[in-house]
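Note that the protein sequences, when read in sequence, are chains A and B.
Sequential numbering of the first sequence, starting at 1, is according to our numbering.
Sequential numbering of the second sequence, starting at 223, is according to our numbering.
Treat the hints with care, as some may be off.
As the list claims (entries may be wrong) - No farther apart than 25 Å at their CA atoms in a straight line, the calculated lysine to any residue pairs in the SDA-like style are these:
{"#": "1", "chain 1": "A", "residue 1": "Lys84", "chain 2": "B", "residue 2": "Lys309"}
{"#": "2", "chain 1": "A", "residue 1": "Lys43", "chain 2": "B", "residue 2": "Pro359"}
{"#": "3", "chain 1": "B", "residue 1": "Lys233", "chain 2": "B", "residue 2": "Gly426"}
{"#": "4", "chain 1": "A", "residue 1": "Lys43", "chain 2": "B", "residue 2": "Leu348"}
{"#": "5", "chain 1": "A", "residue 1": "Lys78", "chain 2": "B", "residue 2": "Thr325"}
{"#": "6", "chain 1": "A", "residue 1": "Lys64", "chain 2": "B", "residue 2": "Gly329"}
{"#": "7", "chain 1": "B", "residue 1": "Lys289", "chain 2": "A", "residue 2": "Asn130"}
{"#": "8", "chain 1": "B", "residue 1": "Lys303", "chain 2": "A", "residue 2": "Lys185"}
{"#": "9", "chain 1": "A", "residue 1": "Lys138", "chain 2": "B", "residue 2": "Phe274"}
{"#": "10", "chain 1": "B", "residue 1": "Lys237", "chain 2": "A", "residue 2": "Asn130"}
{"#": "11", "chain 1": "A", "residue 1": "Lys138", "chain 2": "B", "residue 2": "Leu348"}
{"#": "12", "chain 1": "B", "residue 1": "Lys363", "chain 2": "A", "residue 2": "Asp47"}
{"#": "13", "chain 1": "B", "residue 1": "Lys366", "chain 2": "A", "residue 2": "Glu59"}
{"#": "14", "chain 1": "A", "residue 1": "Lys152", "chain 2": "B", "residue 2": "Lys289"}
{"#": "15", "chain 1": "A", "residue 1": "Lys221", "chain 2": "B", "residue 2": "Asn345"}
{"#": "16", "chain 1": "A", "residue 1": "Lys185", "chain 2": "B", "residue 2": "Phe277"}
Said to hold, decoys possible - Okay, the calculated bits of chain B under chain A, using three or more residues with CB under 8 Å as the criterion:
{"#": "17", "segment": "350 to 363"}
{"#": "18", "segment": "374 to 386"}
Claimed, not checked - Which residues of chain A face chain B? A few of them, derived with a C-beta cut under 7 Å, are:
{"#": "19", "residue": "Arg69"}
{"#": "20", "residue": "Gly77"}
{"#": "21", "residue": "Glu97"}
Hints listed in this document are in silico derivations from the structure and should not be mistaken for laboratory results.
Beta carbons are placed, not taken as given, at the ideal position from N, Cα and C, and that holds for glycine.
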Amino acid sequence: MSGKPKLTYLNGRGRMEPVRWLLAAAGVEFEEIFLETRQQYEKLIKDGVLMFQQVPLVEIDGMKMVQTRAILSYIAGKYNLYGKDLKERALIDMYVEGITDLMQMILMFPFSPPDAKEKNIDSIKERATNRYFPVFEKVLKQHGQDFLVGNKFSWADVQLIEAILAVEEKIPSVLSGFPQLQAFKTRISNMPTIKKFLQPGSPRKPPPDEIYVETVLKIFKK
Amino acid sequence: MAGKPKLHYTKGRGKMESIRWLLAAAGVEFEEEFIETKEDLEKLRNGESANFLMFQQVPMVEIDGMKMVQTRAILSYIAAKYNLYGKDLKERAWIDMYVEGTTDLMGMIMYLPLQPADTKEKNLALIIERATNRYFPVYEKALKDHGHDYLVGNKLSWADIHLLEAILMVEECKPDILSVFPLLQAFKGRTSNIPTIKKFLQPGSQRKPPADEKYIAGVRKIFNI
Numbered sequence: 001m002s003g004k005p006k007l008t009y010l011n012g013r014g015r016m017e018p019v020r021w022l023l024a025a026a027g028v029e030f031e032e033i034f035l036e037t038r039q040q041y042e043k044l045i046k047d048g049v050l051m052f053q054q055v056p057l058v059e060i061d062g063m064k065m066v067q068t069r070a071i072l073s074y075i076a077g078k079y080n081l082y083g084k085d086l087k088e089r090a091l092i093d094m095y096v097e098g099i100t101d102l103m104q105m106i107l108m109f110p111f112s113p114p115d116a117k118e119k120n121i122d123s124i125k126e127r128a129t130n131r132y133f134p135v136f137e138k139v140l141k142q143h144g145q146d147f148l149v150g151n152k153f154s155w156a157d158v159q160l161i162e163a164i165l166a167v168e169e170k171i172p173s174v175l176s177g178f179p180q181l182q183a184f185k186t187r188i189s190n191m192p193t194i195k196k197f198l199q200p201g202s203p204r205k206p207p208p209d210e211i212y213v214e215t216v217l218k219i220f221k222k
Numbered sequence: 223m224a225g226k227p228k229l230h231y232t233k234g235r236g237k238m239e240s241i242r243w244l245l246a247a248a249g250v251e252f253e254e255e256f257i258e259t260k261e262d263l264e265k266l267r268n269g270e271s272a273n274f275l276m277f278q279q280v281p282m283v284e285i286d287g288m289k290m291v292q293t294r295a296i297l298s299y300i301a302a303k304y305n306l307y308g309k310d311l312k313e314r315a316w317i318d319m320y321v322e323g324t325t326d327l328m329g330m331i332m333y334l335p336l337q338p339a340d341t342k343e344k345n346l347a348l349i350i351e352r353a354t355n356r357y358f359p360v361y362e363k364a365l366k367d368h369g370h371d372y373l374v375g376n377k378l379s380w381a382d383i384h385l386l387e388a389i390l391m392v393e394e395c396k397p398d399i400l401s402v403f404p405l406l407q408a409f410k411g412r413t414s415n416i417p418t419i420k421k422f423l424q425p426g427s428q429r430k431p432p433a434d435e436k437y438i439a440g441v442r443k444i445f446n447i
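If we strip away everything but chain B, and leave its shape as in the complex, we get:
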């Protein structure tokens, strides 16, 4: 059953956004079913097909006859299937290391709206500090050392797509974050112009906007947090 992948999540970025990015970059069309109420989630958890959600959690992506859960598992599968995971074990190791770094950085941003209001300023400052001192220098150096357009193996991979997503997300926190990273600026320009990615960055695509108060309130209600 070929069918398009079907994504189950709330109508916002959260943990699903990296999956939307990767599918879009790979030129894969996908459908989405949005969880809007607690009842929607309960239906997924306890519905007719009781093993819809392996660990009772979303993201869940129906793909190739599987009901995949766990964001990293889903991303790894998509990356490998669409040849975005390097040519051998060592290239995969580099891609994995880079992706884990951008995952940690984007994770900080994802949880920001869920934290107590009086810690927001401090947490935002930490995100900026980490992006500037811990994460972005690594990717700037990687691009400088080999002089290629892409992070690994001179070929577009999951690591590049993830990095672009992270750059744009941090820029939403601090627009001039790339001011000291000339190679990342060039990388951003280049990668944004890849046809599938350019399409995803245009209005009307399945890319989701940053979380607003209404979305966060919905998330709190649905997931009881």
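For reference, chain A alone in the conformation it holds in the complex:
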């Protein structure tokens, strides 16, 4: 029993990636168990370890936590990445929820049919450029601080940099109209824990490929 959080998920980004980002940003080392077969998944269910029969699962502080948002909120609260009071938490929550909606489009993208992929990239680009990135560009411009909320590094900043990099993988020029976000990206990428996470050999997972998609369908197919 090492005491490190233990993450159970597939060997890929999916819904666990924000958890990896947040733990890494907080400088918390963690272990991972990768689901590779349906039998492994069924055994977890049979053992009663998954509250709603789903992963992500994070074993942390004696709890078997499920539900991505619950896990992320707990980690943010524990490692002081959730603002200093209720109102800062409200802002962080709003920003995170918006970014999560954008990330959801990216999460689902590999599973869309080939003939819908181009349209989906356009949707992602449209939403990122017209709905989500302008909000954070404006926030940073208005207060002129380094971080989104309370002049202090928080979960919202981690979520935003993850989203920026994920969208850039699909649309490399997406930040061209957002100078504040470009500076933000550079700044946050250079924070020691984030910098380490962005280096090869870290627990960060690569973008989903065909093998990942096949594994998901194989393990979770009803």
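Once you've looked at the hints, dock chain B against the given chain A.
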């Protein structure tokens, strides 16, 4: 500026209903401004106060000087403000996990009327299956394991209010859904009798009825879906 919270949404349940439940359970009076046409929505999006809707979406709740959006953010704020979020980080973690489960279940029911007519029967069957095999057993077991009246920390919390809302919603799909869950039946009886909740369950409260065809047609028109 103390003022009552003001809710901006269509005149139906949708994503706002859980917020109405939570405010009502906390004994907080609130006002509502209903979006009835596309123009109403456009006015919110592009009106004089251009940042009325952070991501151009509703629900939006004006509360404590903020224009809050994103249902979960709003609910978390209300829960914490009115002491319905547990006493520490771990209790919050349990409440969050439970609420995410009931959110997933109620989400399935919310989207049901928007799905193609020929999938409705299959989707309804899936809701019943999930309620019976995935979600309700968790809450039944939680109540059984600790024997308390409430899900977390022996005290009323957001998780209890959300669970009651989910139970009633599933019962609208299948009235005898709780037949194999005796503790949930008792929970339902107990929680429904809490004065603020009892009041919310009475006719004339701000609780909204299930979506009918007229409401769905309006929603499709306003949100272009």
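How the hints compare with the structure:
1. Lys84/A to Lys309/B: Within the cut-off at roughly 17 Å; holds.
2. Lys43/A to Pro359/B: Holds, at roughly 19 Å.
3. Lys233/B to Gly426/B: Measuring from Cα to Cα gives roughly 14 Å; hence the hint holds.
4. Lys43/A to Leu348/B: Measuring from Cα to Cα gives roughly 23 Å; hence the hint holds.
5. Lys78/A to Thr325/B: 24 Å, holds
6. Lys64/A to Gly329/B: With a Cα-Cα distance of about 24 Å, the restraint between Lys64/A and Gly329/B holds, given a limit of 25 Å.
7. Lys289/B to Asn130/A: Holds, at roughly 20 Å.
8. Lys303/B to Lys185/A: 33 Å, violated
9. Lys138/A to Phe274/B: The given pair, whose Cα atoms are some 14 Å apart, holds under the 25 Å limit.
10. Lys237/B to Asn130/A: Between Lys237/B and Asn130/A the Cα gap is close to 23 Å, so the pair holds against 25 Å.
11. Lys138/A to Leu348/B: 43 Å, violated
12. Lys363/B to Asp47/A: Between Lys363/B and Asp47/A the Cα gap is close to 15 Å, so the pair holds against 25 Å.
13. Lys366/B to Glu59/A: Holds, at about 23 Å.
14. Lys152/A to Lys289/B: Cα-Cα ~22 Å, so holds.
15. Lys221/A to Asn345/B: Holds, because 17 Å separates the two Cα atoms, which is no more than 25 Å.
16. Lys185/A to Phe277/B: 21 Å, holds
17. 350 to 363: Contact hint for the segment 350 to 363 of chain B vs chain A: holds, 3 residues under 8 Å.
18. 374 to 386: Per the Cβ count (0), the hint is violated.
19. Arg69: 6 Å, holds
20. Gly77: 5 Å, holds
21. Glu97: With a minimum Cβ separation of about 4 Å from chain B (threshold 7 Å), the hint on Glu97/A holds.
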